[in-house]
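S.K.: As a plain string of letters, each chain reads:
Protein chains: 4
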Amino acid sequence: MSTKRVKNYVNGEWIDPENSGYIDVENPSTGEVLAQTPLSTPAAVNRAIDAAAAAFETWRHVPVARRVQPLYDLARLLRDNEERIARTLTEEMGKSLPDARAEMKRVFENCEVACGMPVLQQGDKLVGSSYDIDGEVLKLPLGVFTMIAPFNFPAMVPFWFLPYAIATGNTFIIKASKQVPLTMQVITEYIDQVGLPPGVFGLVNGDRVVADTFMAHPKVKGVSLVGSTPVCRQVAEKCAQANKRFQAMGGAKNHLVAMPDAKIDDVIRNMVTSCYGCAGQRCMASSAIVAVGDATYETICRRFVEESRKVITANPLDPAVAGESMVMGPVISAKAKAFILDMIETGINEGATLALDGRGLAVPGCEKGHFIGPTVFTDVKPGMQIHQTEIFGPVVVILKADTLDEAIRIINDHQYGNGASIYTQNGYYARKFKLEAEAGMIGVNIGIPAPVAYLPFGGMKASQFADIKAQGKAIIEFYTEDKIVTERYWPEEG
Amino acid sequence: MSTKRVKNYVNGEWIDPENSGYIDVENPSTGEVLAQTPLSTPAAVNRAIDAAAAAFETWRHVPVARRVQPLYDLARLLRDNEERIARTLTEEMGKSLPDARAEMKRVFENCEVACGMPVLQQGDKLVGSSYDIDGEVLKLPLGVFTMIAPFNFPAMVPFWFLPYAIATGNTFIIKASKQVPLTMQVITEYIDQVGLPPGVFGLVNGDRVVADTFMAHPKVKGVSLVGSTPVCRQVAEKCAQANKRFQAMGGAKNHLVAMPDAKIDDVIRNMVTSCYGCAGQRCMASSAIVAVGDATYETICRRFVEESRKVITANPLDPAVAGESMVMGPVISAKAKAFILDMIETGINEGATLALDGRGLAVPGCEKGHFIGPTVFTDVKPGMQIHQTEIFGPVVVILKADTLDEAIRIINDHQYGNGASIYTQNGYYARKFKLEAEAGMIGVNIGIPAPVAYLPFGGMKASQFADIKAQGKAIIEFYTEDKIVTERYWPEEG
Amino acid sequence: MSTKRVKNYVNGEWIDPENSGYIDVENPSTGEVLAQTPLSTPAAVNRAIDAAAAAFETWRHVPVARRVQPLYDLARLLRDNEERIARTLTEEMGKSLPDARAEMKRVFENCEVACGMPVLQQGDKLVGSSYDIDGEVLKLPLGVFTMIAPFNFPAMVPFWFLPYAIATGNTFIIKASKQVPLTMQVITEYIDQVGLPPGVFGLVNGDRVVADTFMAHPKVKGVSLVGSTPVCRQVAEKCAQANKRFQAMGGAKNHLVAMPDAKIDDVIRNMVTSCYGCAGQRCMASSAIVAVGDATYETICRRFVEESRKVITANPLDPAVAGESMVMGPVISAKAKAFILDMIETGINEGATLALDGRGLAVPGCEKGHFIGPTVFTDVKPGMQIHQTEIFGPVVVILKADTLDEAIRIINDHQYGNGASIYTQNGYYARKFKLEAEAGMIGVNIGIPAPVAYLPFGGMKASQFADIKAQGKAIIEFYTEDKIVTERYWPEEG
Amino acid sequence: MSTKRVKNYVNGEWIDPENSGYIDVENPSTGEVLAQTPLSTPAAVNRAIDAAAAAFETWRHVPVARRVQPLYDLARLLRDNEERIARTLTEEMGKSLPDARAEMKRVFENCEVACGMPVLQQGDKLVGSSYDIDGEVLKLPLGVFTMIAPFNFPAMVPFWFLPYAIATGNTFIIKASKQVPLTMQVITEYIDQVGLPPGVFGLVNGDRVVADTFMAHPKVKGVSLVGSTPVCRQVAEKCAQANKRFQAMGGAKNHLVAMPDAKIDDVIRNMVTSCYGCAGQRCMASSAIVAVGDATYETICRRFVEESRKVITANPLDPAVAGESMVMGPVISAKAKAFILDMIETGINEGATLALDGRGLAVPGCEKGHFIGPTVFTDVKPGMQIHQTEIFGPVVVILKADTLDEAIRIINDHQYGNGASIYTQNGYYARKFKLEAEAGMIGVNIGIPAPVAYLPFGGMKASQFADIKAQGKAIIEFYTEDKIVTERYWPEEG
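Protein chains in written order, with the working numbering: chain R, 20 to 513; chain X, 20 to 513; chain B, 20 to 513; chain D, 20 to 513.
Keep in mind that the hints are not guaranteed to be accurate.
[Claimed, not checked] To give an idea of the interface, some chain R residues facing chain D are shown, with a C-beta separation under 8 angstroms as derived from the structure:
1) Ala73
2) Pro137
3) Thr422
Just so you know, these hints were derived from the structure itself, not from any lab.
Positions of the beta carbon are idealized from the N, C-alpha and C atoms, including for glycine.
Work the whole structure out from these sequences, hints included.
M.R.: Okay, structure coming up:
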């Protein structure tokens, strides 16, 4: 049979992993099978780890200024081929082309930050820690790092880690999502061209066997994961037990708080983009709106539903929607769709008002696609499951609070704490929200407060199992070990 | 019965924990019972945690410049009362008075570094993360942190954490060592005087039930531990599972590498101090000497044994030894002594040469003390148990290597990687050692490469389960959460 | 005659400078002669510089952690004797006791920031600047630094520099204000007690001959000055010519912009404190109010005059005013008073409305004091001399602007750019003001935006001749030279 | 006449400056006239400054992440066209092609460091500078900066400044060397292609009238210069007087200290490269060797002269020398040659031994070139003019010292303090030298200790008039003003 087979990239070569089974990769808009992903065996994964471990022994000694040169080239190659990668991403994942391009922007940005490593990785020098004695802090790489990529950002999330790991002198292996492996296949084509020594970067495909093998191998020094909270917990526990570093980013339920003084027209537009981008399948998507005060609540409910109706649900590669401003594609799979429909049912049963129903939406020519239209619940209370659960689809719940304090309490009582935003022009409210809302990333008049790559990225509470956030200069701490030197020489003549 | 009872310090008050049993605290030089330690129950510990959690809600909002004022006062009080604390420490732990004073020096230093928090805790501000949008990184406290102290540094180790935790706006609870709880009792007397709001600092006494309670309580955000590697592993695993931060410092076997060009007279004196200080019971004690080359090996073996014989083993509070330069006290307990004697037996059986035998040493008037004299094995091979095991007593093994590469290999093949030192005047060897020896703390012509508090402290491999080291500016990352803000305001008139 | 004579402090000893003349120090509230200041000759000043240069050769090699110990002690001594110093300050300078205490607070703060030098002075270490080559940046002291103190903050301004200069390993000489030398006499009593080696700190008294001698001596590495803009310019020029570092802080005219949405009651109170503290004689005093919009202007004019009337002008040491909330003392001298009266005359002649007239005010029992009451001009236009000139007294001008843009233009067209504040609750206006108003220090709802010592202090435009600001971690760059090391060793055997 | 005319680049356009005279640009190897440089009038220069000032008003508000994009492109374009630029540089300046390529490497590096500005330009955020008050440090651009380039590094030196000035949001004008203007002409062709808004970068050609015009214009905020010490002094003085920032790098006489333990073969090779690269015309060239001890002195004198004889003096573009390892070209001009010959005469008259005489050397086919061969003086004493003067040609003086202390004293007594290097394997000597030798850039076993761009660049004493060094993250302080914000909002309801 002629379906394209996804490959691993090990020790600088493209290979089919031996003895592996395969599963289908589907276009979620059409149901078409795009390719097949191998389920790599532990032996196949170990081979990649061993290659990375061997490569580390020379890579660590390459001066940092040389280590970043391939990243400059990679950033350029990816930029030059942005459209090809974005289309691949849209085809296998279902997000709109503008969303795919926005994702690529963060990819470039992260490469660029890591290119600054010759300055950023410098350690400290204390002259005279005591008489005739000096102290130094050397920030040195550790060895092989790995990451386990999610389906929703198959390009961006790996680049929260990859460029930093490599620039600091470690070697790095990615496990792509088995549902959306093709984007990383294309990206790896470009990585292959930038002259990294074999083994410095590796790509393996498969299911959780791959992750388990990462965690079992003594040469793996750390694991980064973006996934569900239960998986985060397992990864954290196993890594801790094995004395490996870990960063595990989990679930989210991001709140948007609208204050009475907010500029309502701007707010509504901003909310819609925030809630329905990637069909709600992003860890920074907003899915809970909290309106402060009765009047604000009334207005938001009405205007948000109105604006939600204007979102076009379609196959994002359909040329007919190319010029539209707000296009929403399918969710990732039939299973995901079933879960979302189930949650909508739950919301109805819990007594929330289904103000906009995205079920039963038909996209002509895409009968096998996994589409759900914008869905809005009003009259939602904090106790309800549709508020407590990460639905990961285009389903928005609207709650009311009497005061900002109450709005913050709703956020702080929630298990997750990834992002949270406030809409207000008032500096007092903004400061209070920044300090008190328990979320790792805070927006002020920004619906998706995902930081640019020049700053760290990460959540709080059940949204993150990690001491150190991704991206920015923060992650350098994750990829380096502080080695502390105390040095003196006994006096010589002369 | 009238034996003094150790108390807990909870919510700003000294209390006897309810319903607890008690165990004896012994002077290891004399066997005398000094006091009794309560074994706090989970209920007693939870009360301390709840007080700390309540205190956090106001303490976090106190400006950082005010939060450090009590630490200035504490540093001064401890300095003014150094001798009292040092004598308490020596009495219950057995280390010499100069060693106890050296320990106190690090206590002051750590307070002083934490006093710099108004500068050090500043976050970042990115003007123009995009058009009209700014980014911020706020470094905010998390809540209640705890630490579990070891017997060997009952004053210093808590201060790797305490001042930083409090200065950053967290609240903090220490579990003192049940074997040496008195030093922290005295220190807490001074903490009690510096005006911290109730609950900001707490002290609980007991056994591993306390540690388990820390890890079980949802309000505890992090745990720091200095203990054995197996306990580290458990703490790491439990904390990860519960999404708590952890720093767990474990076992060590620190190597001293002597190069042929080293200044031998200085080296020998330095080695002796390094090996027998605190009777070898410190995580930074050296216990394995690697001599490079036959001639170096011969000289070191001869000279080191000679110099070891000069060490005076005695009750460190005996006025007769007050003026002596190198006094060594007992090990901590009969159990510890039995283990060490067993390891000496093992070394003999493994075929190492017992070049100096510290067994059977009698300290007049201290018949119940747990003394072992300086003990040296030569002809030791890397495979032997006396080289692989952390003996934690005054037992030194001497190995030979043909080259620096071989010496580094011996270090790198060892499970532990806390400290490692090289003796050489040669810059090439020093640099190679600094970069290649796998230990978190490296010394060059420094036998105990424990960094000053202005730099971080921490090991590698099985010596440390943690991403972030203790002390210095590094630990601020442990005690703060980066909250990332993306902020804009929509344009107004005018 | 028995009038107290101010002394110099040179090489650790109090001395009367040889061959100097003397001038009187006056209590500006009463005209009483408090003491006499010597006018040190160049020879006397050179002796102090030579002592400082000699002291540098050992002080620079004292480990930084030891260099800061005297600063800890000094901070404590000054705190313990705050009231004595504050009263001396009030007596010779005329500011209220609360103002004097507020000044002392900054003194302590600056000591505390400098105490953090063991962490803050660390340089950088780049492992692998090329193959087998490392780079280092060492932050080393330079030698003798000097500073020339103003009359208005005789305690605080010296401490923007002193603790940092000394902590970084330089030696330091202060020229006190000849009008208010007594505060530094008292402070130096305490400096004398903290164990600095002789010559590390020196104090000389006199007039501009002292400053000229500083600039002429080849061993002086830098000069800091707070004074008038013309003097700043001369100091900058001479220092540049002699390749010395300099920081020269000059004149100011600080604007307060009130937006229509500001909380007017809070604003008015805040403005009054800002304008009349130290009788307007501080470089961060506000002396120009810009109200945005007609209604705001009307309200501010009325309310500000009302509130200004409540300020009590009095001898600040008069027990009768001890409990009053807003007491204003005299200006510094008869000459200063004459200049201010002249400016008031000018304002009247320029056509501004004298809404409150502080002239002719009598303070019973203080007939020889230099008092002027709160004085307010309204209907002021940007072109007027009373707006363009730094009056340095309790004279406030109120202007009107139609928009925030116009208010900012008024600020930016002014020659000075020290501080500027906006009153608004609106985040958009606040951000615009922060970015666009050309002043080194910006306040948002803060009338005196003088930064705490944990941040730098300094102005823009004619208010500052310097690349590097005072205070905080910024000033470390001023007191250290980056020495850049490129280091390698050729390979050795083994 | 058809000789190529050098152009200015103003407001995004290539122009011939109006009313200017012209002078010849000569190939120093052949005397051939390559082009003519215009001598821009003040009016022409002011036009460039006004364009830059206008461009600043929009450029400053472009987000920093966008400001660096043209620098990425520029780095790539320059890399892709390295050979063309290097040949232009060699043709007009005379240095060898390998030296020209090494210069270009630093150009790329500096672009790359500046590309890190989105992280490096971040300011500080202090939450809670007091109750409910926050502090911020914003690092903002100032306006128009200028630089005055030297003839010897017409590509590298401008890039110590250009990328940083632009990345931080300032606008920037270069005055190229009138002797070697062509390299910057070519580089500006590429700058022209990268999409900078008109006026952000400008290039003007001419003589000191240009520099004077920079210093006279009120919109110019700073001047950087690499030139002679007397010119530095004038620039510093004028800038200080006008309250402009300045960095002025001046003369040098860099010492190489050889210790007895140094690896002599490596040392000699390293010294030769260091002394004769660019025919000795670089501010980091070594021109004084200090041998410690009689034996070292004897060996160095003999071996260095031997090795110096092997240097091939030739037209560096002569294909016959393309494969040679050590080729030395001419000095820059007949005038420079005359000065050098004069200094050789002086050395002879002072009594030094002319151990190798580079005078009278003929390069066939280059009779009009300004060649001098390697020239070595031995028996040189510190007092001699050939030791005190910067000769800026291939003339090396060798001195003897009895001890390292004496060698350091020779360095420290010299007026200049740019670079200084020690050859030793001994860590004690290296540390002592690093701390005590008064030079801004220190080498250990590195003859030319010019730091990579990831670290700062700058000298001490008469070699630098500046507080802040060039390159690396240090220079960001030069190109930004710290604006300090103190911010609060009064409480609102809710």
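S.K.: All hints, please: hold or fail.
M.R.: Going through the hints against the structure:
| no. | hint | in the structure |
| --- | --- | --- |
| 1 | Ala73 | violated (28 angstroms) |
| 2 | Pro137 | holds (4 angstroms) |
| 3 | Thr422 | holds (4 angstroms) |
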